[in-house]
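J.: Could you build the full structure based on these sequences and the hints that come with them?
Residue numbers (our numbering), protein chains in the order written: chain Z, 1 to 87; chain D, 101 to 187.
Treat the hints as calculated values from the structure; they're not laboratory data.
These numbers come from a predicted model, not from an experiment.
Backbone N, C-alpha and C define an ideal beta-carbon position, used for all residues, glycine too.
Mixed in with the good hints, there may be bad ones.
[To be verified] With a cut-off of at most 27 Å between alpha-carbon atoms, the simulated DSS-like pairs for lysine-lysine come out as follows:
1) D:K115 / Z:K15
2) D:K169 / Z:K44
3) D:K181 / Z:K80
4) Z:K15 / D:K144
5) Z:K81 / D:K185
6) Z:K25 / D:K169
[Said to hold, decoys possible] Some chain D residues flagged as far from chain Z (calculated, every beta-carbon gap over 12 Å):
7) L137
8) I167
9) K169
10) Q170
11) S171
12) D172
13) R173
14) K185
Number of protein chains: 2
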Amino acid sequence: MSSHRLPEVVSRLSKIEGHVRGIKKMAEDGRSCEELLLQISAIKSAITNVGRVILEDYLEDCVVDGIRKQSDRETVERMKKALEKFI
Amino acid sequence: MSSHRLPEVVSRLSKIEGHVRGIKKMAEDGRSCEELLLQISAIKSAITNVGRVILEDYLEDCVVDGIRKQSDRETVERMKKALEKFI
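T.: Next comes the structure, spelled out in structure tokens:
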């Protein structure tokens with residue numbers, strides 16, 4: 001991915017990693033299913049958000065570049081595949 | 101949550117934690133958006149699955165218990181709230 005969105009992606013992934021570790025600790029400490037589900041749900045949103053940032057980066061970087069280079073069809077197909085992987 | 105599903109939940113969360121760390125390393129190593137999205141998508145499924153295990157545990161444990169104790173309405177409302185948090 002491009003270097004200008006990289007620090008944001010790495011920072012979001014570090015936070016998610018810490019959050020997952022925190023939930024594991026909560027489970028081991030015997031916290032309720034309701035508390036755990038709320039945290040799991042927050043992680044799910046955070047994962048979706050980091051995926052969106054990567055997709056945006058892909059769009060800004062590879063898609064613009066591909067279309068400028070006249071590889072319209074191939075570029076659109078690659079973007080579709082990227083969307084498929086994620087959504 | 102109940103103790104009999106706890107080892108599974110902790111083990112799944114440990115794997116997710118390691119996976120997130122791995123994706124962070126991939127991003128830092130300059131891997132493509134497409135590769136990162138595929139991994140992000142796998143994490144999203146893993147998070148959904150661990151949430152499902154916690155919901156199942158909630159159902160087997162708290163819901164059965166609540167209905168046995170005649171607290172039908174309250175139990176159903178709590179299960180609905182747990183589903184709402186997650187889905």
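J.: Look at each hint and say if it fits the structure.
T.: The hints, checked one at a time:
| no. | hint | verdict |
| --- | --- | --- |
| 1 | D:K115 / Z:K15 | holds (16 Å) |
| 2 | D:K169 / Z:K44 | violated (34 Å) |
| 3 | D:K181 / Z:K80 | violated (35 Å) |
| 4 | Z:K15 / D:K144 | holds (15 Å) |
| 5 | Z:K81 / D:K185 | violated (30 Å) |
| 6 | Z:K25 / D:K169 | violated (31 Å) |
| 7 | L137 | violated (5 Å) |
| 8 | I167 | holds (16 Å) |
| 9 | K169 | holds (17 Å) |
| 10 | Q170 | holds (21 Å) |
| 11 | S171 | holds (15 Å) |
| 12 | D172 | holds (18 Å) |
| 13 | R173 | holds (17 Å) |
| 14 | K185 | violated (5 Å) |
Hint check: violations occur at hints 2, 3, 5, 6, 7 and 14; the rest are consistent with the structure.
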